[in-house]
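Trainee: Protein chains in written order, with the working numbering: chain A, 1 to 385; chain B, 1 to 284.
Keep in mind that the hints are not guaranteed to be accurate.
[Stated by the list, open to error] Below, a list of computed lysine-lysine pairs in the DSS-like style, where the Cα atoms sit at most 30 Å apart:
no.	chain 1	residue 1	chain 2	residue 2
1	A	Lys132	B	Lys40
2	A	Lys256	A	Lys209
3	A	Lys217	A	Lys202
4	A	Lys132	A	Lys240
5	A	Lys303	A	Lys351
6	A	Lys41	B	Lys40
[Stated by the list, open to error] A few chain A residues facing chain B, derived, Cβ under 7 Å:
no.	residue
7	Ile98
8	Val101
9	Cys109
10	Phe112
11	Ser114
12	Phe118
13	His120
14	Pro130
15	Gly135
16	Val136
17	Ala139
18	Phe244
19	Trp364
[Said to hold, decoys possible] The following label-pair restraints were derived from C-beta to C-beta distances:
no.	chain 1	residue 1	chain 2	residue 2	range
20	B	Lys92	A	Thr87	16 to 26 Å
21	A	Asp51	B	Ala89	30 to 40 Å
22	A	Ala195	B	Leu77	48 to 58 Å
23	A	Asp160	B	Thr98	56 to 66 Å
24	B	Val17	A	Ala138	41 to 51 Å
25	A	Leu200	B	Ile268	37 to 47 Å
26	A	Asp234	B	Thr98	42 to 52 Å
27	B	Asp178	A	Leu200	17 to 27 Å
28	A	Asp160	B	Leu73	31 to 41 Å
29	A	Asp160	B	Phe269	23 to 33 Å
Source of the hints: derived by calculation from the structure; they are not laboratory data.
No residue lacks a Cβ here, since even glycine has one placed at the ideal position from N, Cα and C.
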Amino acid sequence: MNLVTPARLLDEKAGVSHSGAPPVPRAMTQTQPILRIVDLKKTFDEFTALDSVNLTVDDGEFLAIVGPSGSGKTTLIRLLVGMEEPTSGEIWLKDRRIDDVPANRRPTCMVFQSLALFPHRSVGENIEFPLKIRGVDAAQRRARALELLDVVRLPQHYYDKRIQQCSGGERQRVALARALAFDPEILFFDEPLSALDFRLRKMLEKELKDLHQRTGKTFIYITHSLEEAMVMSDRIAIMKSGGFEQIGPAEEIYAKPKSRFVAEFMGEVNLFHTRDGAASIAFEDVSIDPAVAKARGLSPEFKGYLMARPESVRLLAAGEVADATADGVIESEYLLGSRMQYLVRLASGYKVTVELSRENRVSWEPGARTRIGFDLDRAHLIQEA
Amino acid sequence: MERINQRLGALSALPVVLFLAAGFLAPLIVVAAFSMMPQKVFSLANLPDFSSYAIMVKEGYWESLLVSLAMALAATLILFVICWPLAFAMAKVFGRFTLVLTIGVVMTLFVSENIRLFGWVLTLMKGGLIEGYWRTWTGQSFDGLLYNVPVIIFGLVYVYLPFMLFPLAQGISMVPDDARQAAFDLGANRWQIFREVELPLAAPGIMVGCLITFVLTAGAIAESKLLGGRAVIVISDEIERAFTYGQNWPLGSALAVTLIGVVGTLAIFGVSRIDLDAIMGRRR
Numbered sequence: 001m002n003l004v005t006p007a008r009l010l011d012e013k014a015g016v017s018h019s020g021a022p023p024v025p026r027a028m029t030q031t032q033p034i035l036r037i038v039d040l041k042k043t044f045d046e047f048t049a050l051d052s053v054n055l056t057v058d059d060g061e062f063l064a065i066v067g068p069s070g071s072g073k074t075t076l077i078r079l080l081v082g083m084e085e086p087t088s089g090e091i092w093l094k095d096r097r098i099d100d101v102p103a104n105r106r107p108t109c110m111v112f113q114s115l116a117l118f119p120h121r122s123v124g125e126n127i128e129f130p131l132k133i134r135g136v137d138a139a140q141r142r143a144r145a146l147e148l149l150d151v152v153r154l155p156q157h158y159y160d161k162r163i164q165q166c167s168g169g170e171r172q173r174v175a176l177a178r179a180l181a182f183d184p185e186i187l188f189f190d191e192p193l194s195a196l197d198f199r200l201r202k203m204l205e206k207e208l209k210d211l212h213q214r215t216g217k218t219f220i221y222i223t224h225s226l227e228e229a230m231v232m233s234d235r236i237a238i239m240k241s242g243g244f245e246q247i248g249p250a251e252e253i254y255a256k257p258k259s260r261f262v263a264e265f266m267g268e269v270n271l272f273h274t275r276d277g278a279a280s281i282a283f284e285d286v287s288i289d290p291a292v293a294k295a296r297g298l299s300p301e302f303k304g305y306l307m308a309r310p311e312s313v314r315l316l317a318a319g320e321v322a323d324a325t326a327d328g329v330i331e332s333e334y335l336l337g338s339r340m341q342y343l344v345r346l347a348s349g350y351k352v353t354v355e356l357s358r359e360n361r362v363s364w365e366p367g368a369r370t371r372i373g374f375d376l377d378r379a380h381l382i383q384e385a
Numbered sequence: 001m002e003r004i005n006q007r008l009g010a011l012s013a014l015p016v017v018l019f020l021a022a023g024f025l026a027p028l029i030v031v032a033a034f035s036m037m038p039q040k041v042f043s044l045a046n047l048p049d050f051s052s053y054a055i056m057v058k059e060g061y062w063e064s065l066l067v068s069l070a071m072a073l074a075a076t077l078i079l080f081v082i083c084w085p086l087a088f089a090m091a092k093v094f095g096r097f098t099l100v101l102t103i104g105v106v107m108t109l110f111v112s113e114n115i116r117l118f119g120w121v122l123t124l125m126k127g128g129l130i131e132g133y134w135r136t137w138t139g140q141s142f143d144g145l146l147y148n149v150p151v152i153i154f155g156l157v158y159v160y161l162p163f164m165l166f167p168l169a170q171g172i173s174m175v176p177d178d179a180r181q182a183a184f185d186l187g188a189n190r191w192q193i194f195r196e197v198e199l200p201l202a203a204p205g206i207m208v209g210c211l212i213t214f215v216l217t218a219g220a221i222a223e224s225k226l227l228g229g230r231a232v233i234v235i236s237d238e239i240e241r242a243f244t245y246g247q248n249w250p251l252g253s254a255l256a257v258t259l260i261g262v263v264g265t266l267a268i269f270g271v272s273r274i275d276l277d278a279i280m281g282r283r284r
């Protein structure tokens, strides 16, 4: 089927010929940036929603942009799809600058948080919408819509179904199929799963990741849920008050956050600040043998936090050793399903979260004394800004 | 419990039903009955015939009906075109200024239609505001702008603007912003968004606005009398003259019944096509 796609329109304008060139398998191509954002800024009156951000996204990448509400992620995505105009800065799609191109002429499209399906159109007509706009004839449109129903795993007879008769998850799939019918260079998602219940969300997260792999398209996904970002994306960009705090693979951001904000945003964490005025390096709340600290290469000049994720901290048995230790009292216990979580109050009053697998559950009495500990190779240092 | 509720419901609806029956249905039945009486009688105690309807067809009264319907159609279409951008701005752009505009438009309804139309007569007539100033400045005279069909349609548009504007604004406010944005994002231009998204989603408001203006303008009389100077005779004018000057109640009734029949059929057809619940804000 030779549909005129926006990607193709763009290339033809740029003088790139599609004819003759055989398709190159993805694995053989050098990954090249599909999107480049340079010093992008957006202000609303006095308020700076986006403060000179820079970002490069590779072709075929799944990038999740995560941040608390008000961090500027929705503004960023609206600038990228063309619903807002930047105050300054540049957006490049491959070799073409697109920041002054209106949304309907950009080869990108977005799955809205509300999905924004057309309530007066059937499922099939919704999916066909971008093709109809492009003037594709009815038979071709229908064929493509049926294909896409298959891609998003909806039965073919849904073609004639009304949107109001579809469940939340089914509407998700329709919105996705409609976006795919547009055949965008980059597909944006503005928290489309946030309204769904937990189980359905989990299922669709995995399907979306799977779909990303099958289509090979570039996905940029906005969410405030870190878990969602970690399950699906190749890279995560953490946003805070109009800028990127850290960009990298999920594993790196989780294990090696660059700031306290990222560490805390990425889930539960225990942070121990360096103690001022100590002769060698020392931390509040936990004690570390200076010899061990030296052997592990902790610089005495370091100022900042020692970070230990709850799963890195253990409840020590009598005589058991660890690089960093502290005495405390178990305050409460939570069952998280496959894991157990303990809240331990240290002598200093600081509360440490400890997570164990359920098999390692301990028996405890309220007020029972215990020792917690963790090894430095499972901890991470965060330099203070 | 349900049965009690039903009985209470019927009971509380009773006064309105009685009022409508006495004030609306009864006169309608009387008019319908009179339309089937012989010519120029003033009592219903006669053998019914259809002479009035025959006269209506033979003596060309149907032309007045057609003129009225055509002018109503023209006024409705013009009003739709004029009011759409204004209603769109009221629903989506103006924000708080919408209230000022609403009050302004509603205020015009406080002044009698005839007085407002006389204002236009003074403006448009020979020696009036426009022609007078033109003559003073250029020394050339012309006949004034009154007494033709376009000026009647202008009058209809002027008087019935609020009846199109407000339902339309209501209809447009029912179009979700994100549906419009999604269409734009999916490649639609302004015209395609209008045709594919706004028009169908605002349809209930459009239908209500068009119906109200069409029904009212089809029965309008003052515009043709004051501005048109009987350049054409509208159906309401014929009805009035049959009842008063012509002293022919059955003929007037037949004309009225025909007008009600045509307009009523259209209204019922229109209302059946739209989702009134949606415009009332109830869930489907």
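Trainee: Confirm or reject each hint.
Mentor: Evaluated hints:
no. : hint                             : verdict
1   : A:Lys132 to B:Lys40              : violated, 62 Å
2   : A:Lys256 to A:Lys209             : holds, 24 Å
3   : A:Lys217 to A:Lys202             : holds, 21 Å
4   : A:Lys132 to A:Lys240             : violated, 40 Å
5   : A:Lys303 to A:Lys351             : holds, 21 Å
6   : A:Lys41 to B:Lys40               : violated, 82 Å
7   : Ile98                            : violated, 13 Å
8   : Val101                           : violated, 12 Å
9   : Cys109                           : holds, 5 Å
10  : Phe112                           : holds, 5 Å
11  : Ser114                           : holds, 5 Å
12  : Phe118                           : holds, 6 Å
13  : His120                           : holds, 5 Å
14  : Pro130                           : holds, 4 Å
15  : Gly135                           : violated, 10 Å
16  : Val136                           : violated, 11 Å
17  : Ala139                           : violated, 19 Å
18  : Phe244                           : violated, 24 Å
19  : Trp364                           : violated, 52 Å
20  : B:Lys92 to A:Thr87: 16 to 26 Å   : holds, 24 Å
21  : A:Asp51 to B:Ala89: 30 to 40 Å   : holds, 33 Å
22  : A:Ala195 to B:Leu77: 48 to 58 Å  : violated, 42 Å
23  : A:Asp160 to B:Thr98: 56 to 66 Å  : violated, 39 Å
24  : B:Val17 to A:Ala138: 41 to 51 Å  : holds, 50 Å
25  : A:Leu200 to B:Ile268: 37 to 47 Å : holds, 44 Å
26  : A:Asp234 to B:Thr98: 42 to 52 Å  : holds, 47 Å
27  : B:Asp178 to A:Leu200: 17 to 27 Å : holds, 21 Å
28  : A:Asp160 to B:Leu73: 31 to 41 Å  : holds, 35 Å
29  : A:Asp160 to B:Phe269: 23 to 33 Å : holds, 26 Å
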